[in-house]
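When you get a sec, could you build the whole thing from the sequences and use the hints?
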Amino acid sequence: MSVQIATQCLEPIVQQQLFVLIINTLLYYYEDNCLEVTEDMLVELISRTKDNAVQLDVSAEADALEKHLAMTLQHIKRTKDKRPGLAERLQLSGLPLRGIT
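Residues in the sequence shown are numbered from 1 upward in steps of one, following UniProt numbering.
Simulated from the structure, these hints should not be mistaken for lab results. Be a bit skeptical, because a hint or two may be false.
Claimed, not checked - With a Cα cut of at most 30 Å, we get these calculated DSS-like pairs of lysine-lysine:
| hint | residue 1 | residue 2 |
| --- | --- | --- |
| 1 | K50 | K67 |
| 2 | K77 | K67 |
| 3 | K50 | K80 |
This is the structure:
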């Protein structure tokens, strides 16, 4: 439902901001063992957000948004490295973690 609302926003930058917030919210519940949040949901939304990000006009807002998404992906990567049990659940095959340091 929240993704549908985000896609109805007219401004692409606003859509992207909402997508990143939704990713962070879903990730919180996923890490808290909420069974309604699936890996597929996370992969799809992250991929969609990354694909749409390249279409944004160059601006300070777009740069900040890109950094916010990169920090979210960095959190996922650190979680996989530090918690082997959770790392198994976070094996998001489609998750674009390459290039995130």
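For each hint, the structure was consulted:
1. K50 to K67: Distance of about 12 Å is within 30 Å: holds.
2. K77 to K67: Measuring from Cα to Cα gives roughly 15 Å; hence the hint holds.
3. K50 to K80: Cα-Cα ~20 Å, so holds.
In the structure shown, no violation is registered for any of the earlier numbered hints.
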